[in-house]
Amino acid sequence: MKDFLKRQSVTLITMTFTVLVILLAVILFDLDAMVARFLLLFLSFFYGIILLLSYWLEDRQVDYRKLYHDSQAKAEADRVQADLVKQEQQGYFLTWLHQIKTPIAAAKLLIQDLEPKTKDDLEAQLLAIENYTTMVLTYLKVSNEQKNLQIKAVSLDALIAPLLKKYRRIFINSHTRLHYQAIPDQVMTDPTASEIMIEQVLNNALKYASGREIWITYQADQACLTIRDNGRGIKASDLPKVFDQGYSAFMGKSLRRSTGIGLFLVKQLADRLDQPVDLESTWGQGTTVRIYFHQDAFSAS
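Residues 1 to 301, numbered by the UniProt record's numbering, are exactly what the sequence shown covers, in order.
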């Protein structure tokens, strides 16, 4: 109560001053005693109501402040707990993903003595498993905003050549023709993230243009890497959704099991790297994907 009266000192001083003015007026102007008592009672009632309302409102305000602070504290505690659970889950999956690489590598060694046809089929399946593993690992890293990017100069050929070697058997077995000249131009980017972007686009091209042709070119003046194929393409109704998470257009029986995460990862990485990506496609004619690197890209001397 003492603290409340201190906070209402202005109101109390005003009330006291008003009472003194009325008393002074009674004395100086010889006002009727009944009038003076009425004025004093009215002022007491008026200021009493003000003090009661102030006390009630202040009490409610303190309650609301307490509720607000309590809710904020609970929300913060829930957020911390959610972060801990997320970190624990990510740690588990990252451990699992690294561990599964060992049996994949062992399987690659074991199939070396198999018949060529069986070996080729198993290599293709192992490559698919490895690709899906890489996609999950990348997704976990992309979803972790605290993960720092390592931006540096790297030649495009250093990103693309290992992928062409990795998918060489798929090109040969699927009779898909590749048009590519080594690109010595350098760009400023995170090499790992950009290589994953290129791999996912190339992997899609190999799926949807199997037995046809794929072109990989670079326009230095626009810092634009283009991967184009003359495969079956994508229907116009599907184009707005190709970068959505989990979306996979129906592309025939052999492609029904597409995860729909490849292009979603490409878009997520593009946003993190500030490297715009766009896709154009005509049903029955093919698909073109362009990855635009930073404009401070420079050509190799």
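Hints are supplied without guarantee of correctness; some may be wrong.
Taking lysine-lysine and the DSSO-like style, the derived pairs with C-alpha atoms no more than 30 Å apart in a straight line are [stated by the list, open to error]:
1) Lys-119 x Lys-166
2) Lys-101 x Lys-119
3) Lys-152 x Lys-166
4) Lys-117 x Lys-166
5) Lys-119 x Lys-241
6) Lys-74 x Lys-108
7) Lys-119 x Lys-165
8) Lys-101 x Lys-267
9) Lys-235 x Lys-152
10) Lys-166 x Lys-74
11) Lys-241 x Lys-108
12) Lys-117 x Lys-74
13) Lys-241 x Lys-166
14) Lys-165 x Lys-207
15) Lys-74 x Lys-165
16) Lys-74 x Lys-152
17) Lys-165 x Lys-152
18) Lys-207 x Lys-241
19) Lys-166 x Lys-108
20) Lys-152 x Lys-119
21) Lys-74 x Lys-119
22) Lys-108 x Lys-119
23) Lys-152 x Lys-117
Don't read these hints as lab results, they were simulated from the structure.
For clarity, every value in this text was computed on a predicted model and none was experimentally measured.
Now the hints, each set against the structure:
Our distance criterion of 30 Å between C-alpha atoms is met by Lys-119 and Lys-166, whose separation comes to about 15 Å. Restraint check for Lys-101 and Lys-119: satisfied, since their Cα atoms lie roughly 19 Å apart, inside the 30 Å limit. Restraint check for Lys-152 and Lys-166: satisfied, since their Cα atoms lie roughly 24 Å apart, inside the 30 Å limit. Restraint check for Lys-117 and Lys-166: satisfied, since their Cα atoms lie roughly 18 Å apart, inside the 30 Å limit.
Distance restraint check for Lys-119 and Lys-241: the Cα-Cα separation of roughly 36 Å exceeds the 30 Å cut-off, and the hinted pair is therefore not satisfied. With a CA separation close to 51 Å, the supplied pair Lys-74 and Lys-108 exceeds the 30 Å bound. Only pairs whose Cα atoms come within 30 Å are accepted, and Lys-119 paired with Lys-165 is accepted, the gap being roughly 17 Å. For the hint pairing Lys-101 with Lys-267, the CA-to-CA distance comes to about 26 Å; that is within 30 Å, so the pair holds.
As the CA atoms of Lys-235 and Lys-152 are separated by approximately 37 Å, the hinted pair breaks the 30 Å bound. For a cut-off of 30 Å, the pair hint linking Lys-166 to Lys-74 is broken: about 50 Å separates their Cα positions. Taking the CA atoms of Lys-241 and Lys-108, the gap is about 36 Å. The hint is violated against a cut of 30 Å. Using a Cα cut-off of 30 Å, the hinted pair Lys-117 and Lys-74 is violated, with the two alpha carbons roughly 61 Å apart.
Between the alpha carbons of Lys-241 and Lys-166 the distance comes to roughly 29 Å, so the proposed pair stays at or under 30 Å and holds. For the given pair, Lys-165 sits about 17 Å from Lys-207 by alpha-carbon distance, which is consistent with the 30 Å threshold. With a CA separation close to 53 Å, the supplied pair Lys-74 and Lys-165 exceeds the 30 Å bound. Restraint check for Lys-74 and Lys-152: not satisfied, since their Cα atoms lie roughly 42 Å apart, outside the 30 Å limit.
About 23 Å separates the Cα atoms of Lys-165 and Lys-152, which keeps this hinted pair within 30 Å; it holds. Of the supplied pair hints, the one linking Lys-207 and Lys-241 holds, its CA atoms being roughly 18 Å apart against a limit of 30 Å. Restraint check for Lys-166 and Lys-108: satisfied, since their Cα atoms lie roughly 13 Å apart, inside the 30 Å limit. Under the criterion of a C-alpha separation no larger than 30 Å, the hint pairing Lys-152 with Lys-119 is inconsistent with the structure, at around 38 Å.
The hinted pair formed by Lys-74 and Lys-119 fails the criterion: a straight-line CA distance of about 57 Å is larger than 30 Å. Between the alpha carbons of Lys-108 and Lys-119 the distance comes to roughly 9 Å, so the proposed pair stays at or under 30 Å and holds. Taking the CA atoms of Lys-152 and Lys-117, the gap is near 42 Å; set against the 30 Å cutoff, the hint is violated.
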